[in-house]
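Trainee: Chain residues, written in single-letter form:
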Amino acid sequence: MHYEDDNEALSEKLNINTWKKILKVILKSKKPLVFMIIAVIFMSSIDVFYPILNRYALNEFFVENDFSNKYLFISLYAAAAVMMGLSVFWFIRAAAVVEESTTYEMRKQAFHRLQELSFSYFDTTPSGWVMARMTSDARKLSTIISWGLVDFLWGFILMGGILVASFIIDYRLALLLLAMLPIFMVVAIVLNRKILKEYREVRKINSSITASYNESFMGANTSKTLVLEKENEEEFTKIANRMRNRSIKAAMWSSLIWPIILVIGYYGVGLVSIIGGNLVIVSKGIFSVSTLYLFIDYAIRFFDPVIQIARVLADFQQAQASAERVISLIETDPDVYDKEEVISKYGDLLNHKKENWEKINGEIEFKNVSFKYKGTDTYVLKDFNLKIKAGEMVALVGETGSGKSTIVNLISRFYEPTEGEILIDGINYKERSISWLHSNLGYVLQTPQLFSTSIEENIRYGKLDATHEEIEKACKIANATNFIEKLDKGYDTLVGEGGSKLSVGERQLISFARAIVADPAILVLDEATSSIDTENEKVILEAIHTILKERTSLVVAHRLSTIVDADKIIVLKHGQIIESGTHKELLNQKGYYFDLYRNQFMQEKTQKMFDEI
Amino acid sequence: MKTSTKGYKYILQLSLIFLPLILIVLVMSYLDSALYTEVPIFVQFIIATLEGSSDKGELWGFLQNIFLKGETTLMVVIYASIGLMLYQTFRGVFKFIMGLFRNTLSQNIIVKMRKNLYKHIQTLSYSYHTNADLGDLIQRCTSDVDAVQGFICNDIPTVVSVFAVLFSAIFKMFSISPNLTWISLIILPVAFFSSFFYCLYVQKEYEKVENLEAELMTVMQENLSGVRVVKAFANEKFEIDKFEKKNKAYHDKSLRMQKISAVFWGFSDFTTLAQMALTMTYAVILVEKGDMSLNLADVITLITLVGTYIWPVRSLGRTIGNMGKSAVAAGRIKEILDLPSEYLDNGTKTPIITGNIVFDDVYFKFDDTDKHLLKGLSFEAKAGETIALIGKTGSGKSTVAHLLARLNDYQGGSIKLDGVELKDIEKEYLRKNVGLILQEPFLYSKTVYENIAITNKTVPNDKVYEAAKLSAIEKDIKGFEKGYDTIVGEKGATLSGGQKQRIAIARMVLEEKPILIFDDSLSALDTETDLMIRNALKTRNKETTTFIITHRITAAKTADKIIVLDNGCVSQMGTHDELINSPGLYKKLWEIQGNLELEFLNVLNGGGDKDALRR
Ligand SMILES: Nc1ncnc2c1ncn2[C@@H]1O[C@H](COP(=O)(O)OP(=O)(O)O)[C@@H](O)[C@H]1O
Ligand SMILES: Nc1ncnc2c1ncn2[C@@H]1O[C@H](COP(=O)(O)OP(=O)(O)O)[C@@H](O)[C@H]1O
Ligand SMILES: [Mg+2]
Ligand SMILES: [Mg+2]
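Protein chains in written order, with our numbering: chain A, 284 to 896; chain B, 176 to 790.
A few of these clues could be false.
Restricting the straight-line Cα-Cα distance to at most 35 angstroms, the calculated cross-link-like pairs of lysine-lysine (DSBU-like) are [stated by the list, open to error]:
no., chain 1, residue 1, chain 2, residue 2
1, A, K821, A, K772
2, A, K628, B, K417
3, A, K314, B, K423
4, A, K856, B, K417
5, A, K622, A, K642
6, B, K428, A, K423
7, A, K657, B, K524
8, A, K759, B, K421
9, B, K379, A, K784
10, A, K513, B, K524
11, B, K524, B, K550
12, B, K421, A, K303
13, B, K602, B, K632
14, A, K665, B, K244
15, B, K412, B, K428
16, B, K638, A, K423
17, A, K642, A, K746
18, A, K851, A, K746
19, A, K313, B, K434
20, A, K423, A, K314
21, B, K290, B, K650
22, B, K290, B, K602
Honestly, the hints are just simulated from the structure, not real lab data.
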């Protein structure tokens, strides 16, 4: 919700480049576009034409009392009605096609690009921002483009049509109409801008109100213990009142636009009546009363299209900001990507050339790796060296921020070293494709990420062509079988959005099964056990024990029990290895690991054993 | 009661509060629309004058008299035209004023609802907030509020003005020609019913489209939050295919709905013009038959009047559909407001609190469970004592702490604070005296300084710094780039668990309190810091009664009294030395700890059994 604020960064200047790119997207639906334009032309022509028909009828039947053309008139009128219905039908239909396919296409392209983007993008871009681009921006843009175009065309043709028809019938009154045009335009454009600006302010305050609610609900219980209800309420009242005053002020402008246009418009109508009335009297019937009526009718109709055009112009200006953001998303370049040669040999993200993929052993080496996150100045790792043999289990220990996750993410090639290189099986991993590495990688995170489908499909995510038997086997290894089989629908149980229908521990078991079914050569566990309740802890620890066998594994863990078995424990501080060795060796060093063990691991262990009595 | 029935009731209640303003808006809406139908009558007068007909139409008599003061036809036309201009100017001003009233009304209603909701939700019980669905609450406070506002400020005035236009237009048409009026009304039922049924259809379809879009967004959202998983398993193509399917489904459904809209609007515009044609044709027939009462001005006016009501009637269907939805929204708001506030059940006493606490046979259960969590809990704490609460996870330690601050209420037995029953003490007063630091404290998105000074914004700087020092967080704060001005909380800097805990402690100890409760709030700190903080607090005020909930023997050891909770009762109570010498949970905990130490030494000495650690 907060990301709507961005919408307000309104670019004043016309950005031709952006519109060209948007145009390319729209032009994918050429046929409906042409249909739409034709239908709109028809519709506005009828709007211009049938007052003329009225005038003819009025003059012929009610003034001259000549009824000979009665049937012709009736059929023309009926035809106009049918044509009107048809053209409205066609233009809505066509505009809808343009709108929907533009949304579809933009979303498709953006999503495609998102799959290629690397982690640095997602680190700096909140998912809310991306969601806002793909939902509200994409929708807004296509709505404004399709319907805005319709309104603009309709307004433009109707306006032009009325002027042309007027000039043909009587240039004097036509000049009067023409003179009104700039007045309307200026008023409408100025007011529209003002209104837009006001509403931007209001929306900003609006999102701060939502934020207040959010904070108030999340901190409700803390506020109770601190007895802050009154203060919070006062603070909220202030924001809410500010919002009200601002909104009333903003609304004042929008209540102004319509009355002003109305008044100006009817001054035009009044002038038409006076000048036209004079013409009727002076010309003694050559300029007929029904012609005067036609002009009155035109004058009344004239301001609607002008307002529409002014509104569409304002909308387009707003849409440009949306367009720029959507385009910027579609055109972002990924930081981590495969070189041309690599792609031609191993295939890209979407088409893997598996036949050329080498078998992986799982040996990993950091060679003088330095790394800093994009947009920051400080190196998280500096001249880092580490060698992990195939099949070895390495545990990373250290305080929050010491660089544990950074190391495993570098190995996973979610980032690439700023300097130095990472070798897998002795070869710089940039020489192979990203998909090659990822297909051989298993990854389990602190917070298990599930998709809202069935348990079975979630596990199959690790290996898309896995059979049911393979899945069952993986579950057995992960110790997940017990709880799955207790569920009514077993493997077909839907896990809910983000896995919400399962406990965190159960979700983690599934994510283990998912990693197992992939049967990776390299397995990464980043604090995979830290969000697990005591109930599930035991089964999960057993599972971990099993799956770490026979593969290269990197474990970042808070729990002692996962660490003691490691072939090598690496203690990190500020991106440096300060201690390394086996559990025993490290305890004997009586250094950092020793302290950690006493302070944290003992406490953890105590509680666990105590709970189990 | 159905949500929408509840909603209508709530809307009524709300409307009564703003009755004067609502009446003004409604009357103005009626007048505005009625005045609108007068415009064609001016034109009628002008045309009739130019025609030279003696019947000048339905314009108000006094205006006719004024305009007819013009000496020539032209002067009359000029007068009438100026009259029209002035009339519209008046209407413009009228409309503007109406807009102001309407906006004021709408904003007042919004603010009223927002404040009520905010205030009320804050006072809902601890249990409610523990289980609340945040997204749903936010929706009720924002979009539901807007919907209710729309009902009162847009929908009802729209209905009023549609009928106003309709009645005054028909009234005028009747006085021109009853026959033509009847013919001109044919479209009414057609327009009304077609728009009504169309709106019903669209609403139903729209829901489906929205569901499809929600599914699409779920795929997107899960792809974004699970980006690591997607990449780690090289499933980019799979994701694209999944997205494509949903994207297409949404596209198809949405397009289908719009195409049906196209049929409706096409039909609708056709009927509008057809009605005009019909009216015109019938007028021609009447004149041909020799109906002399119908002149040019009359026909023009009739056609224009038909035009004035067709549009509003077409929108009526949508308005009515909206109103149904808004009623449901109102019902959802009412549901929240009907939940009882925790302050309905409040004490009145404000005794001097020194910190003597007596639990006597206390029973407690949660509303949504049958079994009692606490079954006859009794213990005593004297002012100035430090009490350690020990127990397995889920044994009810936090619950005891919550009872003391009356975040939850006991059902049986009694808790006395300095001789006064807890339920008789005013809640706010009690909580100001009982410093409870929650197991999972929340930091506000403000600066560190503001967070510490949150209970007293005007406190001198020194006291804030002192509180930070007492809580052993001062060094950390100075290490932050912006020091005390670092923004924390949701959108702020990421703090470690221990830092959060210590800031929560600092804000609670800003002012001295007779009772302090640390609910596992020192768990992320090492033993030394834990002790340091508590010693510092003890030095500041010896009279503070302190509860520590912990599973750390080294911390419990220092307490004056250790209370072991088991099965909802006190299973053991005493000092460290007493408890380790009698069989029970505490002794077991002590032994576990001792064994671990032993094992630890073993490992150090080269022996040891790795598997024992994994048990
Ligand atoms: N996406 C990022 N952008 C910038 N800095 C980051 C990012 N992720 C981590 N860091 C910084 O890098 C350092 C190492 O972080 P990390 O590897 O996550 O540590 P650990 O996993 O040991 O807690 C920290 O100082 C952290 O603030
Ligand atoms: N709102 C609630 N409704 C029902 N049960 C609850 C609620 N809150 C906590 N519980 C349960 O009550 C028990 C005691 O919780 P708690 O007092 O937090 O224990 P402790 O702090 O000793 O770990 C736990 O089993 C918990 O699941
Ligand atoms: Mg980490
Ligand atoms: Mg607890």
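Trainee: Now, for every hint given, state plainly whether the structure supports it.
Mentor: Against the structure, the hints:
1. A/K821 <-> A/K772: Since the Cα atoms of A/K821 and A/K772 sit roughly 25 angstroms apart, the hinted pair holds (cutoff 35 angstroms).
2. A/K628 <-> B/K417: 27 angstroms, holds
3. A/K314 <-> B/K423: 19 angstroms, holds
4. A/K856 <-> B/K417: 42 angstroms, violated
5. A/K622 <-> A/K642: 20 angstroms, holds
6. B/K428 <-> A/K423: Answer holds: B/K428 to A/K423 is near 18 angstroms, not above 35 angstroms.
7. A/K657 <-> B/K524: Violated, at about 59 angstroms.
8. A/K759 <-> B/K421: Given pair A/K759, B/K421 holds - Cα atoms ~33 angstroms apart, limit 35 angstroms.
9. B/K379 <-> A/K784: 28 angstroms, holds
10. A/K513 <-> B/K524: Holds. A/K513 to B/K524 sits at ~20 angstroms (cutoff 35 angstroms).
11. B/K524 <-> B/K550: With a Cα-Cα distance of about 27 angstroms, the restraint between B/K524 and B/K550 holds, given a limit of 35 angstroms.
12. B/K421 <-> A/K303: Holds: B/K421 and A/K303 sit about 28 angstroms apart, inside 35 angstroms.
13. B/K602 <-> B/K632: It holds: about 22 angstroms lies between the C-alpha atoms, which stays within 35 angstroms.
14. A/K665 <-> B/K244: It is violated: about 98 angstroms lies between the C-alpha atoms, which goes past 35 angstroms.
15. B/K412 <-> B/K428: Roughly 24 angstroms between the alpha carbons, so the hint for B/K412 and B/K428 holds.
16. B/K638 <-> A/K423: 52 angstroms, violated
17. A/K642 <-> A/K746: 17 angstroms, holds
18. A/K851 <-> A/K746: 30 angstroms, holds
19. A/K313 <-> B/K434: Between A/K313 and B/K434 the Cα gap is close to 18 angstroms, so the pair holds against 35 angstroms.
20. A/K423 <-> A/K314: 22 angstroms, holds
21. B/K290 <-> B/K650: It is violated: about 40 angstroms lies between the C-alpha atoms, which goes past 35 angstroms.
22. B/K290 <-> B/K602: 22 angstroms, holds
When the structure is compared with the earlier hints, violations turn up for hints 4, 7, 14, 16 and 21 and for no others.
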